[in-house]
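Dock chain B against the given chain S, drawing on the hints supplied.
Protein chains: 2
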Amino acid sequence: MSAYTAPLKDMKFVLNELAGLADVAKLPGYQEATPDTVDAILEEASKFATEILDPINYSGDQEGSVWKDGAVATPRGFKHAYQQYVAGGWGSLPFEAQWGGQGLPKLVATAVEEMLTSSNMSFSLCPLLTQGAIHALELCGAEALKKTYLGKMIEGSWTGTMNLTEPQAGSDLALVRTRAVREGDHYRISGQKIFITYGEHDLAENIVHLVLARTPEAPEGVKGISLFLVPKFLPKPDGTPGERNAARCASIEHKLGIHASPTAVMVFDNAVGYLVGEENKGLSYMFVMMNAARFSVGLEGVAIAERAFQRALAYARERLQGKDLVEGASTVPIIRHPDVRRMLMLMKSQTEAMRALAYVVAAAMDFAQKVEDKNQRQKHQAFVDLMIPVVKGWSSETGIEIASLGVQVHGGMGFIEETGAAQHLRDARITTIYEGTTGIQAGDLVGRKIARDSGATAKALVTELKRFDAELARSKNPDIQAMRPVLAAGTAAVADCVDYIVANAGKDVRGVFAGAVPFLKLMGIVAGGWQMARAALAAEKLLSGDSNFYQAKIKTARFFAEHVLVQAPGLRDTVVKGGAGVMALSDEQFLAS
Amino acid sequence: MSAYTAPLKDMKFVLNELAGLADVAKLPGYQEATPDTVDAILEEASKFATEILDPINYSGDQEGSVWKDGAVATPRGFKHAYQQYVAGGWGSLPFEAQWGGQGLPKLVATAVEEMLTSSNMSFSLCPLLTQGAIHALELCGAEALKKTYLGKMIEGSWTGTMNLTEPQAGSDLALVRTRAVREGDHYRISGQKIFITYGEHDLAENIVHLVLARTPEAPEGVKGISLFLVPKFLPKPDGTPGERNAARCASIEHKLGIHASPTAVMVFDNAVGYLVGEENKGLSYMFVMMNAARFSVGLEGVAIAERAFQRALAYARERLQGKDLVEGASTVPIIRHPDVRRMLMLMKSQTEAMRALAYVVAAAMDFAQKVEDKNQRQKHQAFVDLMIPVVKGWSSETGIEIASLGVQVHGGMGFIEETGAAQHLRDARITTIYEGTTGIQAGDLVGRKIARDSGATAKALVTELKRFDAELARSKNPDIQAMRPVLAAGTAAVADCVDYIVANAGKDVRGVFAGAVPFLKLMGIVAGGWQMARAALAAEKLLSGDSNFYQAKIKTARFFAEHVLVQAPGLRDTVVKGGAGVMALSDEQFLAS
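From first to last, the protein sequence lines are chains S and B. Quick note on numbering: the working numbering labels position 108 of the first sequence as 108, and the sequence is numbered without any gaps. Quick note on numbering: the working numbering labels position 202 of the second sequence as 202, and the sequence is numbered without any gaps.
I should point out that these hints are in silico values taken from the structure, not numbers from a laboratory. If you're wondering where the values come from, they're calculated on a predicted model, not measured in any experiment. Please note: incorrect hints may appear among the correct ones.
No copy labels: a pair is met if it fits in one copy or bridges any two.
As the list claims (entries may be wrong) - Derived DSS-like pairs: lysine-lysine, alpha-carbon spacing no greater than 27 Å straight-line:
(1) LYS379 / LYS466
(2) LYS68 / LYS281
(3) LYS459 / LYS577
(4) LYS577 / LYS466
(5) LYS370 / LYS68
Isolated chain S, as found in the complex:
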């Protein structure tokens, strides 16, 4: 069985050539992100991923986390790995030095996060949720709360959770029923939450739940939701965990994948909680956590795709079966067969495209935070806002496809659990669901991110793509020239859809939303194709005698255009013409078979 090896060459190429790490490092506060430091961090993270997390990935899946009498035992090796995670300071990379963080760019933290997730997605979910909770607290919490909690959470000795979902309230948070009643300087929280990732576990000495609930006089719907911090153990005056709070794990779920990650049913029975920010503003605070989490789930798509690709590639180079179509004679490794090669190229090219887009968006987050000029900040933030649902939706959907291709490359062995390929598919399958389904992402993209600003940000992207075409035109490379018309057709498809969405969102909202997911996919492949074309141009400039990496990058970019981006005009037709058909059947007609 192959071990995970971080694709450091590609990561560094994307960081430096596409995402502009050098410019990010010039932003105020990111002075630490020198090339040497970043290289050292990536090397260390790569070792941690390969040596500590990868070896407990399959065993963790087979054992799963186990609930007993309200406590959850994580699989063998998880506790030790988490201790190493804390000792290595991996949880503190992107946070302010003031609270013990290392003050590194989101961009650098993103590459590290990809490695941890590739090597062990179930493990990585605990830090992921903790980081979301830290963000929300950092931005919205009162100073006293920050003092008590942030240091512990950033250091990793305490972990965090997001408590949104209730049995009747999934995507629709207006239906949240958990109650919060004021009692002096705190509140009493009562209710049941489900699908709480790492809601209970044995990795850390305390768990900090961020919980959505309603106060007695709150207005109905999402405008009446407040955010509360509910610790598992109430901190003593010295800051160490004290009395056990009435936040208990009633059970954990039996899931298709991410078996090592406990998904808890949490019962709050008059538990002590502290208001985060102001009453009734919980939803907007939640979106702080949510947006970071959505980006991270998109990155999970990249990470699982990379891991699945590596496993499939190793198998395809080893497994002897069949003869070469042209050369005949002896039995060859299956990588020599065109269809196996096609599957590997689909895996490789889409993984690289998704990575490039995610890292570019991460860099834009850094610019949006730190650049001095306000207009520039807003421009970057608008790009981030437009792209978060694309990174989340497209990379997660594609991650599943790639994990499934990974099974396919293995043939019959892929269906056998011991091989390990099937686990990636099972794990990946959650990514299009949690932190907002693909449908929710697509609705956000079409409604909030495009219709609301009359397509201004999306049109700026189209303008940039057209400008970039002129850059492509100057290349003499035949592979790059072959990509040009495909990317141009993709750009035109996006432009058509944006016009359609802006023109029709008011008068035919159902029809427009019926095409939201196909449009999200279109945005994904065009943005991915754009990044791959940028990568090809950069690789062309760096090409020297035997540079396998750069030559592969150019060929891979062309493959992406001809096998993936080529679907753009079809998706455009579906978006622009297919809306009515989605809503054509009545309820009775659905039952008439």
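Chain B only, in chain S's frame:
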């Protein structure tokens, strides 16, 4: 949790309006297939599926088959269900009356098979393999073998298996090493076989293994493979099971899905076997079983898709979440949301398209067997040969996508095993692998079915599609008119690809095979779109006042065109232009990240 209900209306519509059951029933030997008899069979099969097989599907998955000391215990209820299956004569439908069969058309048996598979895919695999073994024996076995085995197998008291794969010989049967040494009127078989579906179980009193092996003097490669019948118990002179043969189950696999279906490692240790047909002709006999099995696996795609759709539809009609985009106000069932509706329509339309194509191919099998005129027989057989890889490859790939959409419609609940939606995805995932991967199907399509006859059969299909366009042109229905240009573009895409394949198979075989799977998908969606357009025309003629079924059929056909068939030109570009890109990377370049 919803129970399976056979989609009898759609099945009958397809049987009668698209597959020509009335004409099939006129073929010599099929006189029994009167409308009343067929209706009665479908009703009974539907009851058997819903009442006997569906209730043990989820529990069977959770329990799995269990190996102990060489014996395999199937999950609770399977034995009882199998007894009912035998008592109902369900295994005998399509076989000759001479051996106890009911002599019914393949077309009718196909509808029954779909129901059994929808309700319990793991269970259905035992009959599926038995039927393949019966076919091979019927066509290639000596009279004495037939007399001893066929009656028992058709009645179902003995089951059959296919023993092809060995650890080093998966898709590449040239590598088979199992040995067969002649000893009087029988042979002694020694070797190990893996991935043997129902290789051992407790459902029947005997198991009849059909085993590929080599005699000592056999030529190398596939030309030296012979087929042997190896019974678990050697029949006594009175035909009842006697001495235990040395064919033993060493273990069963731990798989992603179809947990109730035991996948055996079989060890033959000097086991007694009987030659089927002649020495060294085993591969061609194997293809008899294989082709029937490939069609059946395609049908598994249809069946799982139907089951997944029914479950998702039931959930979407029940689950309250969010407000209607236009009407606002109250919380509505999620089927009211455009993206959920889009997913359901993708599931419904593709399932119906796949069913229509599979049944039409089943009818062509009947014509190819029974029609008097030899030219007509050949014409039908050529169509069947062209379409078997499409039915297998396209329906299985699409079945997985649909099962995955089924998970998605359920949101977070879809990831929880108790919901049942995830099982369909896990079960479906094997269908693109066994009986020849999608890559193998696509290679068969491009090489044996198109290049070999210079595209004659495929071009005949294109001609028929063009003729059919004139028929569509006569309809006044706006939905049908909207489909026309999309189907025409699909037809042109197929025509272009066939020309490309015929022109290049000789000089650029790697490039052509690199596009084989995209071409197979193209063939699937165009053939499916053709059947849906035929369905729309037939529905238009049958439309009356409140006929929900026919109205839904027309709208569903249009949806298929605008959301699925619309991808045809993109696939054409990938096939025709994308071949070179697939093979562009060297082995070292694959490792250069």
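Here is how each hint holds up against the structure:
In this assembly of identical chains, the alpha carbons of LYS379 and LYS466 lie at most 27 Å apart only when taken from the same copy (18 Å versus 52 Å across copies). Taking the shortest alpha-carbon separations for LYS68 and LYS281, neither the intra-copy value of 36 Å nor the inter-copy value of 59 Å comes in at or below 27 Å. When the C-alpha separation of LYS459 and LYS577 is checked against a cutoff of 27 Å, the pair qualifies only within one copy, where the shortest distance is 21 Å, while the shortest distance between copies is 30 Å. Taking the shortest alpha-carbon separations for LYS577 and LYS466, both the intra-copy value of 25 Å and the inter-copy value of 24 Å come in at or below 27 Å.
Proximity of LYS370 and LYS68 under a CA criterion of 27 Å is satisfied in neither setting, with 46 Å inside one chain copy and 64 Å between copies.
In this structure, the earlier hints numbered 2 and 5 are contradicted, and the remaining ones agree with it.
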